[in-house]
Structure formats: C-alpha cells, structure tokens
Amino acid sequence: MHEIKFVKALVEDLVKRARELGARRITRVRIKMGEFSEIDPEVVRFYLQNCDEKDLFEGCGVEIEPAQGQTLILDSFEYEE
Amino acid sequence: MPKSVKVNVEYLTRVEGHGNIVVDVEEGTIKECKLEIIESPRFFEAMLRGRSIFEAQHITSRICGICSCAHSLVSIQAAEDALGITPSHQTRELRRLLLHQEMLDSHILHIYILVLPDLMRVKSFVPLLETHEKVVRRALKMKKCVNDVCELIAGRHIHPITTVIGGFTKLPRRHELESMLRMLEDLKLDVDATVELFKGIKFPEFERETEYVALVRDDEEYPLLDGDIGSTDGVRKHKHQYRKITNEFIVPHSTAKHTRLSRESYMVGALARLNLNFDKLHPRAKEAAEALGFKVPNHNPYLNTVAQLIECVHCVEDSIAIVKNFLENGIDYSEEVSVGLNERGTIPVKAGRGVGAVEAPRGVLFHEYEIDDQGKIVGANCIIPTNQNLNNIEHDMKKLIPEILDNSEEEITLLLEMLVRAYDPCISCSTHFLDVKFVGKRSR
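Protein chains in written order, with the working numbering: chain B, 1 to 81; chain P, 1001 to 1444.
Hints in this document: simulated from the structure, not taken from any laboratory.
Built from N, CA and C at the ideal position, the CB exists for glycine as well.
Treat the hints with caution; some may be incorrect.
[Unchecked claim] Partner residues aside, some chain P positions facing chain B, computed with beta carbon under 10 Å:
id, residue
1, Lys-1003
2, Ser-1004
3, Val-1251
4, Ser-1254
[Unchecked claim] Negatives, chain P to chain B, calculated, CB over 12 Å:
id, residue
5, Gly-1050
6, Glu-1055
7, Val-1135
8, Asp-1279
9, Arg-1353
10, Asn-1381
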C-alpha cells in the first residue's frame, strides 16, 4: 500500500533525466528490485502506462531484475531523441 | 538508434512518508500551502460488501494496527445498532476498559516515540537510548503494560478476538482482573512520571481557533465509547446524522477526503475532546492539566500532545476504577456469548442500517453499515479521524507560515513537521520523514 510513493519518485526522476537529455520517447527501462521491496512489478508497469507522461513511455519495455533485500534501483534506460 | 543511459540510483524502499508538505511563498505571501496525501486507497468498504455483519469487526480492525480496538468497537456498535441490540452494562464497562487501553497505548506511542525526539531536538527515538535510557525503558514498559491488559480483556493486544456482537466470547477471570489491577497501579506511577517529565518541556507557541468536534453526553461520563456528536460552535447531532457533521469533499492533492462543518475546517482528537468535555475528566487528570499549565479553551494544536497526556491520566484512573468495581461486584459469566457467524441464528437478523461513533485516539471515528435480511452487508462507510483533521492541518499551516517566515528553512521545516505530528495522524510514523518541499521561499 505504500509502494506508489516509491514508484512515483522513481518515475519522476526518470522523466526528469530523460527530458534533460532531450528524449522524445523512452524505449527501455531497467530496474533492480529486491525481494523484500514490497513492490509489485505490475504496479511499475501500470504506473508507466497511466502516468501524466504516458506518451513518453509508449511501447517502452520494462526489465525488472531481481535483487536482494529492499533494493529499488533505477539501473538504466534507453531513449530516442 | 536509441541511446542508452546508465543511472544506478537507489530509492529507499522503507516507509518514509506518504505525505508531503508543499510550501511556496513569494514576497511574504503564500502562493501554495498544502498537505499532499498520496497513500493509495485501501477499499475496505468494498471488501465488506457481501460479508456477514458478524465478521465485520474482524475485517475492519485491520484498517489500523494501532486503533484496531476502536475499529472493532465502532464496528460492533454499528452492527448492534442495525440489529437492534442493546449491550449489557457489564459489556459496556468492559468495552470502555478496552478502549482505555488503546487510548493509553496509542497516546504513549505518540508522546514518547514520535513527539519527544522533536522536543529533545534529536532525529528519532533511537538516539534517546543513549542519552535518556530510563525514559526509553519507561516508555516501552508502559506500552507492554497496556498491551498485556488489552490481551487479558480481548484475547490479544492488536486485532481483538473476544469482543463480538452481543458481548465477549470470554470474560476475564478473577485472577486476570487482579493481574490487570497490579499492572494498572504500576502504570499509574509511570504516567505520573511522564507528567513530571513534560512539566519542564516547552511547546511551540501558536494559536488558531477552529471548530472542535467530539462525542458529547448529558451525564457525567467522559465520552469515549458512545454519545452524540457535538462541536464548540454549538452543533449537536445524533450519530445517525454523522454525514451532516463530516460533509466530506474531495481535493485534488489528497487521496483522503477532507471535511468541514460550521467553518472552513474542524479538528478532532484529544484537544477537541478536552475543549468540549474537560469538566468530565477524572479529578487527577484535571490536576495534571494544572501542573502542565494546560487550560481550556485551548487553541494551540501543538498542545494536542499535552491533551493526550492528560487523557492518559484519566484513562488509567478510570481503568483502575472499572477493574476494582468488577473485583468488588464480580463478573456475570453467564453473559459469555458464542456467536460465530450466527450460523445457529441465536441473534435475530433483519434488514436495516446502523451507525457507530467511537472516540479513537486520534478523534471521532464513524462506521455505517447497511445489511439485508440475511445479515449480509450491502453498503458500508467508514470515516476515520485523520481524514477529518487534514483540512484543519492545512488551515493551521496557512496561518503559521507567515508567522515563522523569518526563521531558517530548517526551522520552518521542523515547525511544520511538528505541527503535522501534533495531530498524531495515521501517517504519523512516516511524518518523521515527511517531505517538506519548498517550491520557493523568495524574499523581497
């Protein structure tokens, strides 16, 4: 129930970084997520498809790599100008 | 060809705040000031639909791990209202005793673990382990004491199991009552020591008169378990008309609804209860108020914590009186009930609607259920105290910020955090990490 805050923070940061680089579309996002992060990977996908900047994420592939503990890391992303 | 960017930024996944204070001040004028609540809705009212009214209290107690007794008791009250059941005097006294333990548990947690670190100018309760070991040990001992008493009454200290529609499935035996009395007599000394500790502590000075809402009664009892709903602006309504008290409305920046009554906002909780019912407190609680320099009417929201401490004195004294009365007059064990889901139809069921109104530690709590002729819930509504306080917190912030603008951003942040924390909101445990976003603090 608390996960939305963390997903929102991650996506806001991602959008900010992409905009600064002049991205028109983010094509791939790679996230490391701990088994005790208490975040459902589906929430991340749902958020990207329904957030204010959903156009930026159109067709975006989301890779979620399992990690240890409570980790939540925005590892990398790919974008088109 | 897509470009690749390596980021590798870690986002902490511990609970660190579901609330944000957003402040934007330009040339001494507030452009924006709001308390954002971004906690996801939990849909308990939807979960209740289709379930038996006889299991509602077990479901709704899960709304909160701290206020699970209040949710159970208000749920049972609403169910009994719908079914037309009046609890016995013995049941009502035991329910009052149970609610007192929750009030003590929650207030002790708030006073010691959440507020004291602010007043001692440390980041959290943990550094106090080194500097104030005795105080920390006392706090933990007090919490254990009320949890143990709660367990003797309700079967366990969170999510009570013995309290059901019609009464209790198990009533405390004499040796358990004696054990409760010993623990409560010991707790009384620790509550007195807490009053001594807080005598020397200064709270921020700030005043904003608002409307205060709490349960009210015509007799001499300090109303916590039941009563009408009253306000300091002279409103008084039967609990069935609670929607005319709360007048809920939606704001874009909060997933929790806001409320208002006669003014732009109102406050619930210990300060509201004392502003309405101070005369009905136990005499020793009134003495504690005098020792702490607390007088009513009181319009300083920071003193909600002091009001909670005064209520602790009342609750421990009243608990001792209830237990002593049971020890003197005995308990009627023929009142033990075995209801389950009412499979045997021992309780007649009819279609209807019922409302419960109970003072939870953070303020008046409402549950309303509509049931069909089989006892299935077809509609539910729960309004919790924190929702009712959010609008009032925002109005407090709007008055406070211009008064403290000359302070550093760090001091403003602390005073705002302390203000939110004073209300002991259900997002309280996270407000120690509450984000204060200064969109701008631009000077002339």
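Evaluated hints:
Given hint, Lys-1003 of chain P at the interface with chain B, holds; its Cβ is 6 Å from that chain's nearest Cβ, closer than 10 Å. For Ser-1004 of chain P, the interface hint holds, since its Cβ comes within 10 Å of a Cβ in chain B; the closest pair sits about 5 Å apart. A cut of 10 Å between beta carbons decides the hint on Val-1251 of chain P: the least distance to chain B is about 18 Å, and the hint is violated. Among the interface hints, the one on Ser-1254 of chain P is violated; its C-beta lies about 13 Å from the nearest C-beta in chain B, farther than the 10 Å criterion.
Annotated as non-interface, Gly-1050 of chain P keeps its C-beta farther than 12 Å from every C-beta of chain B; the closest such distance is 22 Å. At roughly 22 Å, the least C-beta separation between Glu-1055 of chain P and chain B is larger than 12 Å, which holds for a residue marked as non-interface. The claim that Val-1135 of chain P is not at the interface with chain B holds, since no C-beta of that chain comes within 12 Å of its own (minimum 30 Å). With a minimum CB-CB distance of about 41 Å to chain B, Asp-1279 of chain P clears the 12 Å threshold, and the non-interface call stands.
For Arg-1353 of chain P, the non-interface assignment is confirmed: its Cβ lies about 29 Å from the closest Cβ of chain B, beyond the 12 Å cut-off. Under the 12 Å C-beta cut-off, the non-interface status given to Asn-1381 of chain P relative to chain B holds; the minimum distance is some 20 Å.
The earlier numbered hints that this structure contradicts are 3 and 4.
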